[in-house]
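Participant: Residues 339 to 612, numbered by our numbering, are exactly what the sequence shown covers, in order.
Some hints could be false.
[To be verified] As a list, the in silico EDC-like pairs of lysine to aspartate or glutamate whose alpha-carbon atoms are at most 16 Å apart: (1) 412 <-> 367; (2) 560 <-> 542; (3) 412 <-> 454; (4) 560 <-> 525; (5) 412 <-> 445; (6) 388 <-> 424; (7) 392 <-> 359; (8) 388 <-> 345; (9) 461 <-> 441; (10) 412 <-> 359; (11) 560 <-> 526; (12) 596 <-> 525; (13) 596 <-> 345; (14) 461 <-> 424.
Simulated from the structure, these hints should not be mistaken for laboratory data.
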Amino acid sequence: MQTPSAELFDIGVNLTSSQFDKDRTEIVEHAASLGVGSFVITSTSASETKQALKLLEQYPNLYATAGCHPHDAKDFTADDLAFIHDSYLLNQRVVAIGECGLDYNRDFSPRDCQRDVFRQQLKVAQSLNAPVFLHQRDAHQDFLNILTAHISDFSKVVVHCFTGNEAELLSYVELGCYIGITGWVCDERRGHHLLPLLQHIPADRLLIETDAPYLIPRHIQKQTKSRRNQPGYLVDIAQFIAEQTGISFEQLASQTYKNSLRFFQINNKYKLAE
């Protein structure tokens with residue numbers, strides 16, 4: 339693992355997961371000791387957003403999203419939408435709407451329901467001028483059609499955990515979206531196709547994330563014999579991406595950290611609690 343010579347920002351950690359119930363504080367403190375002192379807690383439902391808000395009270399250097407994942411779209415209500423709206427509007431450290439989007443791979447919610455809930459959340463984001471944290475799996479064309487119909491400023495869009503093909507990536511880049519890269523890129527079995535695509539992501543729109551506790555980098559899983567990812571492993575992901583793109587770890591860390599602050603409007607409208 340790279341020694342902590344630079345500060346990193348993890349744009350997506352599922353810190354509300356029960357996988358962290360026994361050692362959540364230790365995980366947060368360990369990440370900070372490695373240079374990952376700030377990250378965004380990903381919310382996938384109104385109930386998770388409520389949990390995330392409580393965690394923000396406990397961890398003053400963290401942020402959160404407010405939204406409904408497509409898996410949970412079937413249970414989404416008007417009250418949930420209002421809560422998401424108000425959470426972003428009233429809490430300075432809720433920095434994006436999401437995780438929202440479409441997932442046709444598992445279809446845990448009917449597709450028409452997914453599309454409707456996605457549209458509702460994009461309308462809220464548009465009305466609030468808020469960044470959106472997006473999920474897309476096996477639904478590119480519908481995702482793109484809905485996104486372009488409801489968002490006018492794509493500098494406030496991140497396609498989280500990108501694992502798609504070149505055509506999909508280029509369509510998002512051409513719109514002006516940010517791209518989130520996880521430890522999936524480290525997996526020689528299923529992430530190898532992402533390596534040549536890294537060159538197509540503009541340096542000022544690359545964001546990095548662990549998506550912990552999911553998607554542990556494969557080389558770390560081999561070493562630890564654990565399937566649980568954690569935000570501290572962002573150091574390894576950043577080191578891998580830096581090596582693949584031919585830049586220094588410090589340069590990648592500095593660029594992606596600045597990108598994160600810019601995207602989430604931190605140090606502008608949103609600031610760390612003092």
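Participant: State for each hint whether it applies.
Facilitator: The hints, checked one at a time:
1. Under the criterion of a C-alpha separation no larger than 16 Å, the hint pairing residue 412 with residue 367 is inconsistent with the structure, at around 36 Å.
2. Restraint check: the Cα-Cα separation between residue 560 and residue 542 comes to about 32 Å, which exceeds 16 Å; the hinted pair is violated.
3. Distance check on the hinted pair: residue 412 and residue 454 sit about 10 Å apart at the alpha-carbon level, within 16 Å; holds.
4. For the hint linking residue 560 to residue 525, the alpha-carbon distance of about 11 Å falls within 16 Å, and the restraint holds.
5. Of the pairs offered as hints, the one joining residue 412 and residue 445 holds, with about 10 Å between alpha carbons and a cut-off of 16 Å not exceeded.
6. Annotation: proposed proximity of residue 388 to residue 424 holds, straight-line Cα distance about 12 Å (limit 16 Å).
7. Simply put, residue 392 and residue 359 have alpha-carbon atoms about 14 Å apart, close enough for the 16 Å limit, and the pair holds.
8. Between residue 388 and residue 345, the direct Cα distance comes to roughly 28 Å. Violation of the 16 Å bound is thereby established for this hinted pair.
9. Between residue 461 and residue 441, the direct Cα distance comes to roughly 19 Å. Violation of the 16 Å bound is thereby established for this hinted pair.
10. With a C-alpha separation of about 27 Å, the suggested pairing of residue 412 with residue 359 is violated against the 16 Å cut-off.
11. Note on residue 560 and residue 526: the hinted pairing holds, with a Cα-Cα distance of about 13 Å set against a maximum of 16 Å.
12. Restraint check for residue 596 and residue 525: not satisfied, since their Cα atoms lie roughly 26 Å apart, outside the 16 Å limit.
13. The straight-line distance between the Cα atoms of residue 596 and residue 345 is roughly 10 Å, inside the 16 Å bound, and the hint therefore holds.
14. Restraint check: the Cα-Cα separation between residue 461 and residue 424 comes to about 14 Å, which is no more than 16 Å; the hinted pair holds.
Consistency with the previously given hints fails for numbers 1, 2, 8, 9, 10, 12, ordered from lowest to highest.
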